[in-house]
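Number 132 in the working numbering belongs to position 132 of the sequence shown; there are no gaps in the numbering.
To be clear, the hints were calculated from the coordinates, so they are not data collected in a lab. Any given hint could be a false lead.
The calculated lysine-lysine pairs, modelled on BS3-like cross-linking and capped at a C-alpha distance of 25 angstroms, are [claimed, not checked]:
hint, residue 1, residue 2
1, K168, K72
2, K72, K58
3, K58, K30
4, K30, K72
5, K168, K30
Computed Cβ-Cβ distance ranges for the label pairs, DEER-style [claimed, not checked]:
hint, residue 1, residue 2, range
6, E125, S203, 29 to 37 angstroms
7, G56, A83, 39 to 47 angstroms
8, P194, A75, 21 to 29 angstroms
9, S203, R9, 42 to 50 angstroms
10, R12, R127, 15 to 23 angstroms
11, P194, S36, 38 to 46 angstroms
The C-beta atom is built at its ideal place from N, Cα and C for all residues, glycine as well.
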Amino acid sequence: MPRSAEQNRDARERSQTAILQAAFEVFGDKGYHEASLAEIARHAGVAQGLVNYYFGGKEQLVGAVLDAYFEKMTAMAFGDESADDRLRMVIDMSLIGADQSMPQQRITLGLSILPTTHRIYAESEQRNLEAVLAAGGLMQDLFRERGASDPALEEVMLRSVMEGVIVKRAVYGRTYPLQAARRWLHRMYGLGDPAEQLPFVASDAPGIALRAIDA
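Let's have the full structure, built from the sequences with the hints guiding it.
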């Protein structure tokens, strides 16, 4: 019996999701230039022709990976929490993301920094600019509620600090002390010490000794 239109749509969405997830992992592990569509297809469990059919070439696929990244990173939804509680949430979720999605973080950082791929990153940012600006606006509102004299600068500086943490985590892996970094960030913003450890993230190793070899 032929598949229905709904079944075809579901199969197509499953294949596209599998390809994007595989692309995140392979690009993250090998980098943009060393990764191949053939390896991504094997990782996704699909024929390479299907990757080309849905996404075109490697540049288009990594553009789709970045679009998915921007969609995830800008999907901010707050309730009626206080500004301090919202800031705690932003810090904690960013750190959990740095720990739980390192391949995605590595490929995104690499694409944004390398001269040969910066254009691809910039084009994806432009496609998602409305969501990027909206997320930035929510953060500026948060800092405005906290009494900041320059909410836009506060938003930029928070992003800079958090991205620095993500870079260090990508370079130094588990030797980077995320739990201690979280406590430092909470104190820096006057949020007090967290009552509990950051969930889903392992405890820091005794002492601080960053080692790239262990990443």
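Where does the structure disagree with the numbered hints, that is, which hint numbers, in rising order?
-> none
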